[in-house]
Every structure is written in C-alpha cells, then in structure tokens.
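> So you can see what is in the structure, the chains are spelled out below.
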Amino acid sequence: MAKLAPSLNHSGWDEMFSKEGVRDSYSQVFKTLQSLSHKNLTNKQQQASDLFMNQGITFTVYSDDDNGIERIFPFDIIPRIITQKDWLEVESGIKQRLMALNLFLEDIYNEQNIIKEGIIPAGLIASCPHYIQEVQGIKVPHNIHVHIAGIDLIRGSKGEFYVLEDNLRCPSGVSYMLENREITKRIFPDMLSSNHVSMVSNYPMIFHSILVSLSPRNVSNPNVVLMTPGVYNSAYYEHTYLARQMGIPLVEGRDLVVNNNRVYMKTTSGLQQVDVIYRRLDDEYLDPLVFKPDSALGVPGLISAYRQGNVALVNAVGNGVADDKAIYAYVPDMIKYYLNEEPILKNVPTYRMENLDEREHVFANMETMVIKETNQSGGYGMIMGNKATQEEMDEAKIAITKTPRNFIAQPIIQLSTVPCLIDGELKLRHVDLRPYALCGPKGIQIVPGGLTRVALTEGSLVVNSSQGGGSKDTWIIK
Amino acid sequence: MGANMLSRVADGMFWLNRYMERTDGMLLTLNTSYILSFDKEINDSQGYKPLLEYYTDLSRDKIHAIQYDTTYVLKYIICDNQNDNSVKNLVVKARENARGSQDKITKELWEHINSMYHYMNSSDLPKKLETTDALKIITKLNKDLLLYNGILQVTMPRGLGWCFSSIGKHIERCLQTISMTQAYFAPINYNLEGEEDLMYWRRLLLSLSGYELYLKSYSNISHNRKVVHQVIFNMDFAHSVIYTLDFINTYLNCLFKDNDLSEARTLMNQFGRLKSYVAYTDYQHLTNQELEEVLRNTKNQLIQFSTDFSKLFFSYT
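Residue numbers (the UniProt record's numbering), protein chains in the order written: chain A, 1 to 478; chain B, 1 to 317.
Note that these hints are calculated values from the structure, not bench results. Treat the hints loosely; a few may be bogus.
What the hints assert, rightly or not - Result set (DMTMM-like, lysine to aspartate or glutamate): computed pairs, CA atoms no more than 20 Å apart in a straight line:
(1) B/107 x A/50
(2) B/107 x A/160
(3) B/140 x A/50
(4) A/185 x B/282
What the hints assert, rightly or not - Heads up, incomplete: computed chain B residues facing chain A, CB under 7 Å, no partners named:
(5) 7
(6) 8
(7) 102
(8) 103
(9) 106
(10) 109
(11) 111
(12) 114
(13) 115
(14) 154
(15) 158
(16) 159
(17) 162
(18) 264
Stated by the list, open to error - Examples of chain B residues toward chain A, derived with CB under 8 Å:
(19) 4
(20) 6
(21) 10
(22) 110
(23) 156
(24) 157
(25) 160
(26) 259
(27) 262
(28) 263
(29) 311
(30) 313
Beta carbons: idealized from backbone N, C-alpha and C, even for Gly.
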C-alpha cells in the first residue's frame, strides 16, 4: 500500500487533510486510494503519462545537438476537489469581476469616465504597454471585449479565495482542463461517477456558439477560424485541440489575406471570407502594418478590417490594459464604480510602487514580499523575497526606484496544498486554480472546473508550467 | 464533400501521405532484402542495391561498398539522422505535416503517427538494430505502416482532405513501382524474353506486396514479360502503375467536379494524356526498348504532374 499520510500543512490550508483528518469532500477519493497498492498507483501514474505522450500533449525541449526532446506537462493523478458551496462563491465572484472588467475596457477605449472621475490615474493607463491607442474609439460586437478569461485564484490559510491575476488576452491551458478529465475517466472511472463530479466537456460547444454569435455578417453559417502562431508555438497542441473540438479551421497568418478591408482565407478553391477569428497570438503580432513591422505571424491590414467591423477578433485587441499587474490593484474599485457592488472575491493585497509610502514599506519588509514586473507573466520577472539573495534584492530596489510603474509587490501568501503522488507517496504541494469564464451576448458562463496548477518542487509557490509546474484534474462535486 | 480546404492544410495532407507511403515501400523493400539475405545459397547479384539506389542519395561507389553490409544498411535506412530519407526522418516529416493539418486528420491517425514518432526517437533503437532484435523492429515497423493505412481507411472522412491524401499516396506508390521495376530490369537490359527465374523476380514482387498475387495469376515459366504485366498493367494489383494512375484519376475527378478554372482543365488533360499513354501501350508487342521508354516517360510525366498539381492547389505563400 502507498504511504497515504503526508505531514500536515501547519502554516496554510490543505484541501484534503485538516487537523481532524480527511475532509468530507475527499473521503471517497481517499478510500479508493487506500484500496490501491503502491504498484497499482504507480502504474496509473505511468498510464496517464503514456496517454499524454501518445496524444502529443507535449512541449519540446531543445538540446545542444538540436534534437528536440518531447516532454509532457506533468499530470498528477490525485484530483483536486472543490465543494459546491465554494464553487458558487468562485463562480459569482468571477462573473462579477468579468462584468466590471468588460465595462472598464469599453469605457477606457471610448469615454474614459473612470479616469475623468479620478478612480484610476490617467498616467497609469497611458504608461501601460498594453494600452493600444490604435483601437481607441472602436465599437466591438455587443460591447464585449473579454470573451474568454482565465482568472487565477489561490486559497489563503483559512481556505478563503483570492484573485491572484486576471488573464484577459490569450489565456491558455483550457485544453489541459479538458484532457485531464479525459485521462481521469480512463484511470479512475469508478471514482468519477461515485463522486458526482460536474461535467466540463461542454466547454467547446459553449465557446463555439459564442464565436458564431459574434459574426459581423448576418449569414447562417459564418466562417469562424482559430488563428495560431504555428506548429512551433508551445501552446500549439491546445490550438489544434480546440479547433478540432469546435470543428473550425486552424489557420496561420500566412493562410489569411486582407482585401478591401475584408479578411479572406486561402483555400484550394480560392479566397473565402472570414467572419470571426479566435486568435491565439498577442496583439503586437497581429498586423505588421500597425504593430511589429517585422512580424511574419500576423496579417497585413487585419486591424483595419477589424476597425471597419468586417471581422470580429476574440479576445478583442487591447485587453492587456485590464490585466496589467498595476491595474489589477484597481479592480475592486472598478467593481464598485461600474456595478456599485462590493467585490465577492478578494484581491491579494497589492503595493503600488509609485506610491512612496507603500514602496518604503515594501523595501523595509522585502523578505515577506513577492516583487512582480507588471508586464511579465508565466512566472517570469518575479522575485520571492524569502528566497532571493541580498544582491538580488538590492538590484530589485534599484530597478523599482528607477521605474516604479513597472513593479508591484504583494505579501507572500502560502498557497493551499493538495496531496500529490510523488515517488509512490502522497506529498503536499502548493496549487492555484484557473477557472475559464466565457462571455457572450447571453451572459457569462463558467464551466464547473478549471485548471489546477501545482508546484511540484517541495515548498515552491511557483506553479507555472514554464517553471516546472504540473497540473491536476479539478472536480466540482455536486 | 466540403466546399474548400486551406491550401496549406491540403499540402500537409498530401505530403503526410507521400512520406508515409514512401516509408511503407522502403520498409517493405528493406524487409524483403533482409529476410532473403539469410538464404546464402541464392546467387544474389544486387543485395541492397535497388533499395539504396532509389531511396537514398548515396553515391554509386558508396552503394557498391555497402550493398551487402546488412548492419550498416539497417541503421542507415531506419534511424540515421544524416539520411534525409531514413525511416526516422520520414516519420518526423510526416508528423510535422500531420501537426500542420491536425484539425483535419482524426485523433486516431494523429495518435498513431505520434506513437511511431516516439518509437523512432527512442535512444536505444540504433543499438538494438545491431542485435537479433533487428527483425522484430522491422516487423513492428511494417505492422505500424499497415496499421496506419488501416486507420486512414477506417477513420478519415471522405472529403477534400481524403482526395489530397489519396492523390499524394498514389503518386508516391506509382513512382516506387516504376523505380523498383527499373532497378530489376536495368541490369538485364530490359530483356523481356530473358529467362530470369522466379528467385530473381521474387525480390521485386515481395517489395511491392505482389508476390502472392503473381503466383496465383501467372503460369510458372518465362517470367519477365509476365512480371511487366503485373507491375504495370494489372488492374487487380494495388501497386501496379495503371491501378495507381486510375486511383489518382478518380480523386482528380472529385477535386475538379465543380471547378471550371482553365488551369484545372489543363491539369486534367495533362493527367489524361499520361494515363492513356500507359493504358494504350500494347503490352503483347512491347519491345525491350519500349519498356524502358514507358517506364522512363511515365516517371518523368508523373513528376511533372505532381509539380503542376502542387502549383495549382498549394501555392499559398
């Protein structure tokens, strides 16, 4: 039998074990795990890895001899469970947040009332590298800018949820949410049905109907495509997966051409007009005539067609201004301003480095802080005060003092833990949660689940896949 | 049939199937030569030469030096990174094309190509080829290709993608049949009245999956002219030149059904002339020289057709 009694998480919240023992929501799972031998569990872990490998759910690591080695994103077979009660709070909190963020983007690219009324400083917007002047005044279909959002959540020491960051541009990882469930079905079929786990597999259908509803042309069968940077992009598997699940063409920039402010794809029987583009490349690569002139990934003239309203882009261009880490601190204010409501989900306390008092407080307590660059993501541009050397902290102070707008600081929060199967034993590892919210003309829908990312290194709080993180299937139990 | 398809994706499916068909043919030829190499009493004048001449870029001298060196050939053909046409490199190229058209091929097909890719990249494969495991490896790879063809047949939708896949596959197969036939007729000066025995032709026929059919269809004497009938003119033989051309013709008709472009008509006429050239060749009175010409001209015209076909459908850049 595997060792199923890990050391308790004394400093934070563990999702499976409390001081009294196994939490109710995990009792069935724990019972199943207890009934399996060490060999059986290890076999299941290996089976999951093989399934990922054979399905090509991999990324390539290049070595010196230029021969790429394909690796899978590590998947831990022990599911992460969230109760219905907790999920309802998460769901309503994300809906509220997304509603406010959409109103903010519509406002910021049009009237800018939130600036005029002094809620957000104009300088903060103007200095944001992801604020796109070129789309100022644009009218997007149904006034929706964020059609798909990945909101990163963490749990504090009492199990309370915090929003760590909003991903409103090209949030990735949803294919792992879906594939993780498919893998779990194969390795723990009984466990899934006996726990009454909510379904996530309808996500592509919901998303596809939203994409179709955004077509500028009033035609019965608009052309919707998924635009990828190409086969060498690290998220290419996800692009192909979603295109296949939605039954839409997977196009690259070179497959598209703009003529007379309309976008066409090059097919074997000539040009065919495109109505909606779910694009999985960043704003700055979309159109070499407007952004990076040397980008070969985009389509010349695309932004012009977009401005004319002849093609819908999902997500809208310029959303980066709303998920900038410095703007993040103002989201609770946005919720109050646009919705006249108190935020349901809390922000992690955030210190704005432009504010001298807050900066001095951070400098005085750096070992308890995480410093983040506002224009970085994926775990890059981050300094953990409790792990950094004195030299690294001194360098950070100099950089912050030089360009305070480019940094924020947050107290280090001990993320909650979930047991993982490591070397045949259950060991506690830190996790976060990224649910995916879809926003269309009929409102906001969130499939009950999400991507649980796990920091596989003992004690690590960095869950990003680019930093060695893995993932788990996430169960919302009814 | 779907109304259209991205040119890039059509290109990807065309080449995916050309590469897989090439791998299939090459492995079958390798398997045949390898198994027959155990029969030392056979007076084998060529060894692996036909395989190396058609499927590699090696120089004549190099081929002469290694044409009986089984271990070298096995490693060079199966997993040598420097050989552009090794099974490993062909599977890599096939997979790249499959990745580019992943939303148009089935999950089952993708997973199979992917599992072949991982197998070909396993680090111990070259070492194993030096041992008695070599035969197991070749057998496994042959079965993988059979399975690929089965999955392709059973799971892929019959739309435009299927047409491009089928045309790519059969252009490649036709070129293989012609080239391997040349490899066995050239050393005997295309002598149709020669007395080469069945042991000589067995290599060619096994390499083209046609040995059993030959035994069942033809009497057991004066093989040379009968072999020509089987590999070029036999409509029941899935690797014959005429069968593959007929197959290409069927799928060209599907592609051009609703296409009134003058370029399409030109290409269709070009292919019609090629097919008629073979179909109306008088097999009964074929001379040695005419056989050489038919094989050479058909090959050249098919290569030209493939180029023009690509220009018409895949010029997306």
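> Work down the list of hints and note, for each, if the structure agrees.
Hints, one by one, checked against the model:
| no. | hint | in the structure |
| --- | --- | --- |
| 1 | B/107 x A/50 | holds (16 Å) |
| 2 | B/107 x A/160 | violated (40 Å) |
| 3 | B/140 x A/50 | holds (19 Å) |
| 4 | A/185 x B/282 | violated (62 Å) |
| 5 | 7 | holds (5 Å) |
| 6 | 8 | holds (5 Å) |
| 7 | 102 | holds (4 Å) |
| 8 | 103 | holds (4 Å) |
| 9 | 106 | violated (9 Å) |
| 10 | 109 | violated (11 Å) |
| 11 | 111 | holds (5 Å) |
| 12 | 114 | holds (4 Å) |
| 13 | 115 | holds (5 Å) |
| 14 | 154 | violated (18 Å) |
| 15 | 158 | violated (16 Å) |
| 16 | 159 | violated (11 Å) |
| 17 | 162 | violated (13 Å) |
| 18 | 264 | violated (10 Å) |
| 19 | 4 | holds (4 Å) |
| 20 | 6 | holds (5 Å) |
| 21 | 10 | holds (5 Å) |
| 22 | 110 | holds (6 Å) |
| 23 | 156 | violated (13 Å) |
| 24 | 157 | violated (11 Å) |
| 25 | 160 | holds (6 Å) |
| 26 | 259 | holds (7 Å) |
| 27 | 262 | violated (14 Å) |
| 28 | 263 | violated (12 Å) |
| 29 | 311 | violated (12 Å) |
| 30 | 313 | holds (5 Å) |
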